[in-house]
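Chains as they are written, first to last, in the working numbering: chain A, 78 to 668; chain B, 1175 to 1305; chain C, 743 to 904; chain D, 24 to 620.
Source of the hints: derived by calculation from the structure; they are not laboratory data. All residues carry an ideal CB built from backbone N, CA and C; glycine is no exception. Among the hints, erroneous ones may be present.
Pairwise CB distance ranges, derived in the manner of DEER restraints [claimed, not checked]:
id : chain 1 : residue 1 : chain 2 : residue 2 : range
1  : D       : G59       : B       : K1301     : 19 to 27 Å
2  : A       : I210      : B       : K1301     : 20 to 28 Å
3  : D       : G284      : B       : R1196     : 26 to 34 Å
4  : D       : D551      : B       : D1279     : 53 to 61 Å
5  : C       : N768      : D       : D411      : 52 to 60 Å
6  : C       : Q904      : D       : G59       : 58 to 66 Å
7  : C       : Q904      : D       : R591      : 35 to 43 Å
8  : C       : R895      : D       : K500      : 52 to 60 Å
9  : D       : V568      : C       : R895      : 22 to 30 Å
10 : C       : Q904      : B       : E1233     : 26 to 34 Å
11 : C       : T857      : B       : N1228     : 27 to 35 Å
BS3-like, lysine-lysine: derived pairs with alpha carbons at most 25 Å apart [stated by the list, open to error]:
id : chain 1 : residue 1 : chain 2 : residue 2
12 : D       : K56       : D       : K183
13 : A       : K94       : D       : K272
14 : D       : K92       : B       : K1301
15 : A       : K94       : D       : K519
16 : A       : K661      : C       : K884
17 : D       : K409      : B       : K1177
18 : B       : K1301     : D       : K77
19 : D       : K327      : C       : K847
20 : A       : K661      : C       : K759
21 : C       : K847      : B       : K1276
22 : D       : K272      : B       : K1177
23 : B       : K1188     : D       : K592
24 : D       : K327      : A       : K104
25 : C       : K751      : A       : K663
26 : D       : K327      : D       : K339
27 : D       : K28       : B       : K1284
28 : D       : K28       : B       : K1277
29 : C       : K847      : D       : K613
30 : D       : K604      : C       : K847
31 : A       : K199      : D       : K519
32 : B       : K1188     : D       : K272
33 : A       : K663      : C       : K884
34 : C       : K884      : D       : K271
35 : A       : K103      : D       : K327
36 : D       : K592      : D       : K613
37 : C       : K847      : D       : K168
38 : B       : K1277     : C       : K759
39 : D       : K271      : A       : K100
40 : B       : K1287     : D       : K92
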Amino acid sequence: MEMVTLTIDDKAVEVPKGTTIYKAAKKAGIEIPVLCYMDLGDLNIEHKPGGCRICVVEVEGRRNLAPSCSTEVYEGMQVHTHTIRVLNARQTIMELLLSDHPKDCLICPKSGNCDLQNMAIKMGVREIHNQDIAEVSTYRTDFSPAIIRDMNKCIMCRRCETMCNEFQTVGALSAINRGFMSVVAPAFEMDLEDSVCTYCGQCVAVCPTGALTEVDHTHRLIRDLSNPSKTVIVQTAPAVRAALGEAFGLPPGTLVTGKMAAALRRLGFKYVFDTDFSADLTIMEEGAELLDRLTRHLKGDKTVRLPILTSCCPSWVNFFEAQFPDMLDIPSTARSPQQMFGAIAKTYFADKIKVKRDHLVVVSIMPCLAKKYECTRDEFKVDGNPDVDYSISTRELAHLIKQANIDFHTLPDEEFDLPLGESTGAGVIFGATGGVIEAAIRTAYELYTNKKLPRIDFQELRGMDGIREAVIDFDGLPLNIGIAHGLGNARKLLEDIRSGKNSYHAIEIMACPGGCIGGGGQPLHHGNFSILKKRMEAIYREDAAKSIRKSHENPYIIKLYEEFLGKPMSEKSHKLLHTHYVDKSKKIIYI
Amino acid sequence: MNKLRNLAELSNLKERVRSKTRFTDKIKDSGQPVQIRVAMATCSIASGSRETMNYIVDELDKRNVDATVTQTGCMGYCYAEPTIEVTLPDQEPVLFGYVDVKKADEIIEKYIKSGILVDGIIPVNYKRIDE
Amino acid sequence: MSRIKVELKKKDVDTIKEICRSFNNNPDELINVLHTTQHAFGYLPAEIQEVVARELRIAVAKVYGVVTFYSFFSMVPKGRNPISVCTGTACYVRGAENVLSEFRKELNIDVGETTPDGRFSISCLRCIGACGLAPVVMVGEKTYGRVSPEMVRDIIREYEDQ
Amino acid sequence: MADFKIHLLVCGGTKCRSSLSTILTEQLRTEIKNQGLDDYAQVVTTGCFGFCEKGPVIKIIPDHTIYTKVKPDDAEEIVTEHIVKVRKVNRLLYKDPKTDKIITDARGMEIYKKQIRIALRNCGMIDPESIEEYVARDGYAALGKALTSMTPEETIQVIKLSGLRGRGGAGFLTGLKWELTRQTHGDEKYVVCNADEGDPGAFMDRSILEGDPHSVIEAMAINGYCTGASQGLVYIRAEYPLAIERLKKAIQQAREYGMLGEDIFSTGFNFDISIRYGAGAFVCGEETALIHSMEGGRGEPTMKPPFPSVKGYLGKPTNVNNVETLANVPVIINKGHEWFSSIGTERSKGTKVFALAGKVNNVGLIEVPMGITLREVIFEIGGGIKNDKKFKGIQIGGPSGGCLTEKHLDVPIDYDSLVDAGAMMGSGGMIIMDEDDCMVDVAKYFLDFTVDESCGKCTPCRIGNKRLHELLVNITKGNGTEEDIERLINLASVIKDTSLCMLGQSAPNPVLSTLENFREEYHTHIHDKKCPAGVCKDLMKYEIVPENCVGCTACARACPVGAITGERKEIHIIDQSLCIKCGACMDRCKFNAVIIN
């Protein structure tokens, strides 16, 4: 590799040719402030539009200041990162940004966790000149079931646009208008709800200000918990326990399952359950469906379509409903674990504890924003009463714990309640990319071959590559498995299926990078894959530590079928645990 | 087939056109009819050069004057649009500005028919590179 | 950008499809496609953009992003007699601003708007290159040069029954 | 019918008329009549000779004598001496200031010909819709010469040696730019003609495309040959329907005549051109924005490097040239680089086309050799200031340029001198302003333009220019303070220092240059709350002079907002809080009772 030597603030640095000043400075231990810049390292997305101009530096011999995030170094370059000229420019730019930004930090959901706020503190802006004559760009606030867009707070960093278009290829957002009124919005400034948005929440996860935030249900939760006539129960998704600790300063990858259960109990939930339980249930149904389709396919039934696609990711469901309406018949009809949990909780469990459906409040803690939308879908309501009342994100839970002054660190490890709190290792690994399909194989193999699995860990299904494939030997039958995480990767797989280019039997798709561990509701990872990898390791650690690691061996699942459901894909199962998909693509309607 | 396959064909075409049309201020041998060029750029048209050109074509025909009328681009005198250039045989080209229909009539009657200059001449104030 | 709701007819959809096809459904040609489509329909309502996006296989948000970026594209129909006042520098220093405000006053609409009867709309454009005639106003294809505020009423009157 | 042997052409340009050329014409006519020469000599008035400082000017045909500074009283002598006695009036002949030689025959003297037409060589000369007329004027000879007898490298070398610099604004050496693209490896390359002329008040490129489209096509083919591209794209403003139509026709003809297409001049060279339309975005004049626009996206600029010559259209090496730059190319190939570089100055070779507009008599399209002074352009070619007003400033380079003043009149027009003076060559807009123009208002006008045209990508341009504009509006409303000037300067310099593209970087230039050259006008607005030019409406007050008011009620009836009250036959009063300063009352008053204060 060709190397170049330059000096930054009189320090000599040697970096490969093509390196930017920002990265070279970083190597030299000099931190240059950046705002719009975003390096999602392992996702191979380096977002450097050079738009905010906060990162400008002085380069000797250059007429104007250079944006360090997007200026490449050259041999002998002399850079000064903090001259008075630079400081004045940064401060002036910061003042400009603030002159077109609401100053309601006290009640802003991002307050305390806002890049713009931090930068304002760093720049020491104390006054905004001529604010009285300054026009402010204002836009209508857009409330969707999962995401709130308050574009008055947009600083045009365009990170959301990159996530939505380049990474997820959803195409819900684009920069619109020009000049002072330019902003990022869906087509025709329609509500997100009417757009192709899947609520994956990746835009929210990268937004540096309060422009994109999740719908906050913590107030509603506090009201419900304080209502004596209601029985409030909670389920927690597998990925939450692997990331929640980060919000309390614990290193990434710290498992906090026990502390989380304890915290939830202290918050006042009557029963603290685990979505892992319903993940096991999902495997029972989805696995049965896979085997059914597979067997019929092998027998030559032409009406069966393969591959079967997993359906536990609600963002992914939204994606194919809007963009691949011709393929609605290939995803599994199994509901997601969140919804299976709700359906069982409000029937089987409600009966057990003799609480009426509408007095039982089912709350989910999810690493995800799309889950907020998923539980509002009409298919998951009985007489208008939703199976899951609402979902709060990992970030919201962390906030709530802090608000309740619960000292997270000193909490004892506690167990989940029974029966909906018992789970297997297969349920846990739902939280990481490849986990659902691995869990499905652990069960499907044994049911299909009637033999015991020779090994439980399928390393070939794990990892961080965007698209992975593996062949699993089902006792002589080679089963072709595809895995994708990130909707951009999912699109590639789907297009290959559509054009008949691949011959997978089963595919797992997760909308977020790394699967649910990288979900839009998780503590921010800022694209740092090492954090995601740590969370993933934690998930597999928990799996390995479980005494039972196959869903069909979960005693409470077995009991649930015996007492209530009958068998997988029974009539009752169909009614409670399966769903159908709708074509949400925009139809060209003419008269 | 109009294709020019080599330099010789290009040069032949050049000579053929030049024998019919004058492109310089230099006075050439007689034998060419009166030549009129009407500036027809956006600003000329906006000032009415299309009307002027149509009028000239019709009137020359009516008045039996043998002349060629062609359109051309901007002559540069935006302030004096519409502008036309008239080249009489054996004469230097003369440029007229503000040529509305009335002026055109005067130019045809006096200058084109009898060689009498009329008001509104625009002195050419640039050098051409082929002179 | 303000917009109005329209219903497309099958033949309109076919027209748009035909236009896209004439550019090989190539997304690079989006701007040319939008030009041609606007020429055919007079404006680019949301419904048309949806069809274009689908035909070129690009996100409709992107199409909208492009439509709102370029001042040439309009999502509202122009008046039958679109009035464009040149506000290029030459016209500005020769009083285009006064001419413009006279039109606004006379027609009681602002720049970018259309009169309720659909007869006139006003827009500004930056230099049509007829600086010698400044200030310049265009009504449809017709150009008026050296326009003064006093001429405005007469210009409007020319189109009153159209 | 009279058969005039002698024509006396009297300059009727505005400047000469103001120095009594109209009376001179009358005197000449009377004298001719008096001497019985009615059928022999005729007086004809002409447009401006572009020789205004020596006006009034008379040219006599057929002997091409030019008399300068002719007074009405000289009429008799001219008729008696020149026409009757066929003797030249020596004292009125032009004396060359350099050689002190008296010029007797103006033919070839061309002293008043300040312009040289290279890029415009065919404009107004040939029928733009006839490829044959273009060929007759040496068209496609340069392409033929390059293809048949020169290598691409040799051709680039000629362009390099000619010293031709990009005419679109920044003035990068054209040959060097071509070479960069040639040297970049790529399976496919593109050449692009930037015809997105966006400066308000500039129409050079439009005129060339309307008047001589083939010169651009020929140059693009040469450009393609030199860089290794077989595809050319013209990015043209949709606001130029005539130029588009003629360009399309020309491309069609060029294909018919084999000047585009396959195996051009039987050399195996293939090249064709397609058209992409702009859609009304000034920023698309910037190469990277232009390329994004051609790719069907929003015309937002991106960081350079990578330069288009490395990574351009569709990610391929792309060479972007401006229309006027290209129009020079065939001539340079035909006549050689020495010829071209003999015109102009040391570092700025050749000519530059300008659109001369604003408060100048001879508004028009001019092409002048580099190095000519602003004075020559304004007062000679331009014929001076309209209506004999006082010259105040000249805005060069459009919204990116600067406003120069009286003291810059002798600045030579070349890339470097203009930058030193605080303006820039830009694409060639030249707007002349007189005493009636308010320079704060002019700065505000240009800021309004850049705010409108900013793409919105980077903070300093998106918000900064908006804030600059607001400060200027505030000053023109009479609410400015001395600190606002400091604020303007700081903001302007940060915007220049930090904006992403040239649009933002140069947007504050009109503010900075007017602050530099017309600071006192800002002060008058801020401290005296007055606009000396009478442009800023908020600083104007319409008032009724009681002595002149007869109480006719005409003003009150004309007022659209009912701000004027008064009984019939009584003095009327304007309520300043209601007045919108439309001036209707003043227009209507027949008694000069309404005045501006």
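Worksheet item: Hint numbers the structure violates, sorted upward?
Response: Hints 1, 2, 8, 12, 13, 15, 16, 17, 19, 21, 23, 33, 37, 38, 39, 40 contradicted; others consistent.
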